[in-house]
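Chemist: One-letter residues, chain by chain:
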Amino acid sequence: MDITLIVALVILLALFFDFTNGFHDTANAMATPIATGALKPKVAVALAAILNLVGAFLSTEVAKTISGGLIREGDGGIQITPVLVLAGLIGAIVWNLFTWLLGLPSSSSHALFGGLIGAVIVGAGIGAIDGGVLVSKILIPAVLAPLTAGLISFIATKIAYAITRKQERDGFKRGQIFTSSLVSLAHGTNDAQKTMGVITLTLIAAGLQDVDSGPQFWVIVACALAIAIGTYSGGWRIIKTLGRDITDVEPAQGFAAEAATTATILASSHLGFALSTTQVASGSVIGTGVGRKGASVRWRTAGRIALGWLITIPAAGAVGAVAAFIAGWGFWGIVIDVVLAVAAILFIFLRSRRNQIDHRNFHQPEPGAFVRPKRRKKAGKR
Amino acid sequence: MTIAWSSFAIVVVSALVAAGLLVTLFSLALRLGSGVSTAHRVGSIALYVLCGLVVVYGIYLIVPALHG
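Those protein sequences? They're chains A and B, same order as listed.
If you're matching positions, the first sequence starts at 1 in the numbering used here and goes up one per residue.
If you're matching positions, the second sequence starts at 1 in the numbering used here and goes up one per residue.
Each hint should be verified, as a subset may be incorrect.
Said to hold, decoys possible - Here are some of the chain A residues that sit facing chain B, going by a computed Cβ distance under 8 Å:
(1) L144
(2) A160
(3) A186
(4) A260
(5) S268
(6) F349
(7) S352
Source of the hints: derived by calculation from the structure; they are not laboratory data.
Note that the Cβ used here is the ideal one computed from N, Cα and C, for glycine as well.
Please work from the sequences and hints to get the whole structure.
Modeler: What follows is the structure in structure tokens.
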């Protein structure tokens, strides 16, 4: 198959992955402000989309390797080919959409890693994967991230409820807007980068771009737009899981949880211990549920989420492996791969229409309805 | 396989301090803001300003161009 055609396919799929990454992760920042009524659902996703768009342009540091040493690439290792990237992306996209259908907040990065691992194992053998890196950079942090964020969020919630009195707690809604915006911005600077990295790596591998050069401007623009549009379309199923199904979130809890999420993500990305945003955000929501007296955490839902995390890498890897195996047949293999991927995407999309969940599913209490006295002027207009 | 436990500990402690600080400042601002005396009001506004500074520091950390 013509190499430029494969490159074009990889770019298309990478951008589609970027889109799924956006709507999968809207919930990390915006689930709690939507749940507490700090932001109207549509306003929240629009704000998150803008911040992701801006964030994608802010960071110029591009990770040299998309896999962070997980796959032994380069000298003495294997050359990851555009076809393997294609197979890996199919695995990542299919798993991301499947977990979205189930409303599970799973890590998009893990789906991407998983898909690539599966594809590389088939294409280049198990020896191409560094097992030590897999454990120390992905598995252990996956356990530590929710525990850390949960603990911090628990303590932050205790502080918030100890200091404030009941009638003052509605004010936390204003604070939530700022903390959730920070999470969105941080997300934009990180996650769009991964897709830029994938596309740039592919262009370099195909000889269409100089080695050691950064992403071209059109790649940055395309990735920024893809993640922003994805974010705006809002993964309402996941927002519902994180904002409603784990525990009932009050404004003070939302603020505490987001403060914990922001602090944990920023600390982890600046002090050299990478943690997944999705897992941090989920841990924070659970922590704040445990931290408020009278709140209950639905551990069944939390358990489903944890199970989703456990199987994300092997499941995306399995799909990526099958895709890589089929792609090994040559031209027609790649055609079959793409057809199967499109069929899977369409199937999941049609299946999701059976029980649609969107912004209308989020009934919000009138802001401050129980706290502030109604103003007479506006009361007439309503 | 090495796990950087020391850097993990630093992450936990600094995130805990930062989140705890922000929540404490904002909670105190809300608490004082509902007071009636001028001193309470001024204190409340000062605390909101401190919260704003924490948020600005967060933006500083997020944007690589700012801290090189």
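Chemist: Run every hint past the structure and note whether it holds.
Modeler: So, going through the hints one by one against the coordinates:
1. L144: holds (7 Å)
2. A160: holds (5 Å)
3. A186: holds (5 Å)
4. A260: At 5 Å from the nearest chain B Cβ, A260/A passes the 8 Å test, so the hint holds.
5. S268: holds (5 Å)
6. F349: Violated, because the Cβ-Cβ distance from F349/A to chain B comes to roughly 33 Å (cut-off 8 Å).
7. S352: Violated: closest Cβ of chain B sits about 33 Å from S352/A, beyond 8 Å.
Of the numbered hints listed earlier, those contradicted by the structure are 6 and 7.
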